[in-house]
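Engineer: These are the residues of each chain, in order.
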Amino acid sequence: MLGLGKKDLTFLLIVLLLTLAAPILLNPFAEGSAMAQFNAGYPDLMQRIAIFAIFAVGFNILFGLTGYLSFGHAAFIGIGSYAMVWMLKLLTMNILPGLILATLMGGAFALLIGFVSLRRSGIYFSILTLAFAQMSFNMAYSVLTPITGGENGLGPALGDPRVLDAAAANGTIPEVNLFGLSMRATYELDLAGRVFQFNAGYYVCGLLSVFMFYLALRLFRSPFGMMLRAIKCNQHRLNYTGLHSRPYMLSAFVISGMYAGLAGGLMAAMDPLAGADRMQWQASGEVVLMVILGGVGTMLGPVLGAGFIKYCENIFSKINDHVLHEWFSIFPKWLENLLVTIVHPFVGQGWHLTLGVLFMLVVIFLPGGLIEGGQRIGRLIRRKPDAKGKAAATTPAE
Amino acid sequence: MGILEVKGVNKRFGGLRALSDVNLSVQQNTCHAIIGPNGAGKSTLLNCLVGKLIPDTGSVLFDGQSVLGRKPHEINQMGISRVFQTPEIFAELTVLENVLIPCFAKRDGAYRLHAFETVAAERDINAQAEQMLRDVKMWEKRDMHAGSLSRGDKRRLEMAMCLSQRPKLLLLDEPTAGMARADTNNTIDLLKEIKGRGDITMVIIEHDMHVVFSLADRITVLAQGTPLVEDTPDNIKGHPKVKEAYLGEAAH
Amino acid sequence: MSKLELTRRGLLRTGAVAGAGLAMPTVFASRASAFTNEPKGGVVTLGFTIPLTGPYADEGNDELKAFQLAVKHLNGEGDGGMLSTFSSKTLTGAGILGKKVAFVSGDTQTKPDTARATAKSMIEKDGAVMISGCSSSAEAVALQSLCQEAGLIYMVGLSHSNDTTGKDKKRNGFRHFFNAYMSAAALAPVLKDMYGADRAAYHLTADYTWGWTQQASMQAATEAIGWKTVANVLTPLASTDFSSYIAPVLNSGADVLILNHYGANMVNSLTQAVQFGLKDKMVNGKQFQIVVPLISELMAKGAGPNIRDIPGSSNWNWKLQDAGTKAFVQSYGKEYGAPPSQAAQTCYAQVLLYADAVARAKSFNPCAVVEALEGYKFDGLGNGPTEYRAADHQCFKDCLVVKGKDKPDNEFDTLEIVQVTPTAQVTYAPDNKMFAGGDLGQCNPGA
Amino acid sequence: MDALILQTLNGLDKGSAYALIALGLTLIFGTLGVVNFAHGTLFMIGAFCAVTLQRLLSLSQVTIDPTKKDFLGNALKVKTPYIEAWFGKDAGAAIVNWSVPLSILLAIPVMLVVGFVMERGLIKHFYKRPHADQILVTFGLAIVLQEVIKYYFGANPIPTAAPTDFAGSIDFGVWMGFPPNDIIYPYWRMVYFLFSVVVIGAVFAFLQFTTFGMVVRAGMADRETVGLLGINIDRRFTIMFGIAAVVAGTAGAMYTPINSPAFTMGMNFLVLSFVVVVVGGMGSLPGAVLSGFLLGILESYASMNWIKDVIPGIDQIIIYVIAIIVLLTRPRGLMGRKGVMED
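Residue numbers (numbering that gives the first Met the number 0), protein chains in the order written: chain A, 0 to 397; chain B, 0 to 251; chain C, 0 to 446; chain D, 0 to 342.
In short, the hints are calculated from the structure, not lab data.
Mixed in with the good hints there might be a few duds.
Only pairs whose alpha carbons sit at most 25 angstroms apart, straight line, appear in this in silico SDA-like list of lysine to any residue [unchecked claim]:
{"no.": "1", "chain 1": "C", "residue 1": "K361", "chain 2": "C", "residue 2": "A33"}
{"no.": "2", "chain 1": "C", "residue 1": "K98", "chain 2": "C", "residue 2": "V42"}
{"no.": "3", "chain 1": "A", "residue 1": "K6", "chain 2": "B", "residue 2": "E87"}
{"no.": "4", "chain 1": "D", "residue 1": "K123", "chain 2": "A", "residue 2": "K5"}
{"no.": "5", "chain 1": "D", "residue 1": "K123", "chain 2": "D", "residue 2": "R54"}
{"no.": "6", "chain 1": "C", "residue 1": "K99", "chain 2": "A", "residue 2": "K231"}
{"no.": "7", "chain 1": "C", "residue 1": "K406", "chain 2": "D", "residue 2": "G212"}
{"no.": "8", "chain 1": "A", "residue 1": "K231", "chain 2": "B", "residue 2": "D182"}
{"no.": "9", "chain 1": "C", "residue 1": "K71", "chain 2": "A", "residue 2": "A35"}
{"no.": "10", "chain 1": "C", "residue 1": "K39", "chain 2": "A", "residue 2": "G31"}
{"no.": "11", "chain 1": "C", "residue 1": "K280", "chain 2": "C", "residue 2": "K361"}
{"no.": "12", "chain 1": "D", "residue 1": "K127", "chain 2": "A", "residue 2": "R119"}
{"no.": "13", "chain 1": "C", "residue 1": "K325", "chain 2": "C", "residue 2": "G77"}
{"no.": "14", "chain 1": "C", "residue 1": "K39", "chain 2": "C", "residue 2": "G97"}
{"no.": "15", "chain 1": "D", "residue 1": "K127", "chain 2": "B", "residue 2": "H144"}
{"no.": "16", "chain 1": "C", "residue 1": "K39", "chain 2": "A", "residue 2": "G66"}
{"no.": "17", "chain 1": "C", "residue 1": "K71", "chain 2": "D", "residue 2": "G212"}
{"no.": "18", "chain 1": "C", "residue 1": "K98", "chain 2": "A", "residue 2": "K6"}
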């Protein structure tokens, strides 16, 4: 069904279920309890995780399959966002035209940048993409301010034409919506001390990300995906097998650019203010972190990585000394203080340090990322004699 | 008129004259071996045939069309497949995938955005690949990573990849180099079988005279970038010029 | 912070449901609120978005300190600060409307993008009922529109752009800090006295809403006193090396450099301008001068001796002698060992003003708060008599012209007050063309 | 014309910083074959050596002066730097004043240690891994180092002044017959440029005229052959890594008066310095220096007002535009060697 094998179909269904149930699953702790700050089931964070999952899955199509490391993919995020906001300004507050344009613009810019950058490989390719992205960022940030809003950011304003919408009443900007369903609409459910927020915007992001995940799954299982993996292995042989690697690379680049464009569009749809910062090279670096951390070249890895980083960014960063003291208050005072001193640099404002250390550990010891870590642990637990033989035979694209 | 016509090819690297005035005509559905001492220009000649090098002068015609200046994938699409001196395979892919790729290339051409088809659903191609792997007796190893194969198996796999495209011309660059005797014999048998089907032309570069004499219909001896003699194996065996050319080389 | 009360509420509800036995699908009761994040327990949570990294991080750190102090005072801890000098007496140190005040804070990185993300998580996860803080106008405008959409009150922190209460004004947003127009109006006469009417100015301007409106205001005001404008060069907010912008200033014919920069940006550009020797040069037969229209104590500290004798304007300074200022400086100084900056003062005042408005309105409902604040007149928060103008939610009050002190007595003695410009001189009509194009719209209570 | 000279001068010191960082990057790449994304961070650590020294020197003894009042009305606490107490007021103040140039003395040992530890502890294990892995692990290291600095020194830039003797600027224009104030150039930037020339000269001389340098150059050209001669190339390469770290670190320390050090400065320079290296040609030391200065100067030219009027925004993107053009037309960069980083 859906062009997937049985295993993949089950896999996809599980992902779909997890996505649908995320508002519940991510809010396991009762409100007001000490653990409540680890709850992640609020719309903004869930939207972000879904959006970055799209971005990372798309990036993985390029980096994971072909091994070409682009350091400039954030540019497409920015382009997607600007496209989205312009649609919101000019056409309608309905996000659909914006999402379509964002995807197309992402693809179009990727075609342009990819066409030039793919003339080179290895680190030269990385530097070229980096140069293009920094160039886009610097232009969006300075000379293109009339189009991008520069440092101010670009958002819908009262005076915008919005030709498809009815004139706004009472001097407020209409809400961002999908055929009338406001992206802010949230149904709150109070259950056993837990407040679950079912947010329309999240479900738009979540379902779209499952759909994009499905497309990526198809792509991984397709002849095209196989060719891309072949490029990573041995481009030389591929050429002598009668295949022209450049259009394959370019297609992969454009597809991942479209994923990024869509992610950027969604970002602007969930919060209609697009800042140039999301194009900066550090943002490109972030998606690299996500993909590597999760497990490069795997299906679920980038999603895990995106979730992990966004979770840390939003939840980990809120743990301050006060909270730490509360945690360690069961210990004697001196031990409590010592523990707080040790942990302090790694949480709150210092969560980047944790991320950096973790990232290094993954690159050094776990090149397969968290997914590989999980598999290793799973293997340790099972320890069946036949596990070894099977492990060698599984395809890497699980 | 042969299927492959090399006319007046010259190639210089700086001061070194790698090929001088090479003429070669390979007849359809024959096996043509090129032998010669080290540095005779065999590899240079092969690289000229597949577009990796462009000769300074001269022409290379395949099936009446020039191959000069074409990219490797275009040359392959014309019907020329190449086996390398050290096996070039997709090490991180499975054996089956290694054979599927050339099958796709043969059917779909140099590029096709078949991103939403499923490999498993392509019955014809899978059947083709299966047949090929059975032919080379590697079907049992279809799920192994190609990189974990033995050297002999890698060579066989590469051969299978080339043959699965049913090329008009197969270029073999020392196909048995570094192989154990048993493997060499297997390879010879395989090549003989392929040759026996009578629908393929082979050009083979080889040091191992055993291989050459078991397979070749005609042999060209290359020395210092020029063809010395071209004849049938029987005639080559006792040819004085050949002996002279090889005299410097103790190994042969 | 503690959310104990919320737990109890949760428990009660669960208990009630369990009591009803296997009763009903009413278990799935949706939550009903009159407005966004209506505080239902004994705690009210405020959200403070401050830049702790980026070019304006210094200000952000000071803002956070002021916010923490204000929350303490609202909850009756500490010495009460300006609570006692504030003209309104509704705040008694018993929280807001009897609810204990808790807060969440988050880093905005001086980026509007991040600021909104931070604020969104405060609204959705932490249940903040009001957002305050920022130190760039880009952040202020971004946060103001977010709060308008989400149905929260936004009490602007340090934002000096005309647009914040001009073309980007919103019904749910209020600004205590003064603005670029006021700076220019206060500064221009002083500049004329100091440097004469025959001057040619070269502007370096931070490339975003604040820089633009500040430059436009300064240009208009200085041209009104007879100065010429030679050039205006926009510099990206993220830049740190201004040498290529500064190098051509001297031979451009200008004899005044106006740095429309703030924070670390200004510290860098001023330091580099001084390195280039601009302060010691003679141009057009006159001593070359540098003007920094918006100066803060923190920037003065960062710029060190380079700031000496450089004029600018401030919203407030700790050396003022009114009772409110004295109480605040004492309270803040004891807590943190340094006098507060103008960023700290405006943020502290904003929290008090919000709390007071809630108390007077007897409701956290944003629309009630808006009503309570519009046209509200108050005193005792350090700036003298002040009014929140209803037409644009801008505070009107005296503002200060300051200059870098020549021979500081101690490390905090960086600025001296040249003049206190009376409110009348800096007041403008709501339809002034520098503020045109906006609409407050309707108040939005969310939910 | 005068504007052109002015911007050339201006570009020289930007170029100096680019060239110094690119030189170190190239040394590491050329000798060890490692793409070091943490190199900008080394520059940043150097800058913080200057901050540290300044802080150390101004460690003060606190005494209470009851005659004066502080802002709260309490008795004033007076701080006297220990160094003034030890060396006398004038000598002490002079030492504090000269803390930036003096910090080189601190930066050299610190950077050597940092370099050795980095190479022996981490980078060594990545010689045989693909370049992408090297980029990733050093990128991770850069994040970690940057966060550690942020933890100890805070997120805000820390103004660090040059000695007051170097305050003000030279009027070059007058020497060349232009009217006064046409071409001015701050003394410290002049010092920085001269410093970079000396460092670059020293590195080249070291490679050119010492046996050690000869071996290293030979190793850069053909590692295996030199290894076969029984020379311990690895140890020499470790030392080269230390030297590259010192070059970056001292460049950072001396740069502090030009730009207040902040934890982000390493990452800010990193992208640019990679572009510089690629434009110069991977593995070519003269290329790195040449392209560093070239890009610095071109960047300055592009920021001239009349050029910006013709092509708006060119100053923001010129470096990247040049990088893209160079990479597409001269794939090996301006002076790159064949076969470096080519698959």
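Engineer: Now, for every hint given, state plainly whether the structure supports it.
Structural biologist: Status of each hint after checking the structure:
no.	hint	in the structure
1	C/K361 / C/A33	14 angstroms, holds
2	C/K98 / C/V42	5 angstroms, holds
3	A/K6 / B/E87	32 angstroms, violated
4	D/K123 / A/K5	45 angstroms, violated
5	D/K123 / D/R54	34 angstroms, violated
6	C/K99 / A/K231	60 angstroms, violated
7	C/K406 / D/G212	54 angstroms, violated
8	A/K231 / B/D182	30 angstroms, violated
9	C/K71 / A/A35	24 angstroms, holds
10	C/K39 / A/G31	13 angstroms, holds
11	C/K280 / C/K361	60 angstroms, violated
12	D/K127 / A/R119	22 angstroms, holds
13	C/K325 / C/G77	15 angstroms, holds
14	C/K39 / C/G97	12 angstroms, holds
15	D/K127 / B/H144	22 angstroms, holds
16	C/K39 / A/G66	53 angstroms, violated
17	C/K71 / D/G212	65 angstroms, violated
18	C/K98 / A/K6	55 angstroms, violated
Violated hints for the displayed structure, listed by number in ascending order: 3, 4, 5, 6, 7, 8, 11, 16, 17, 18.
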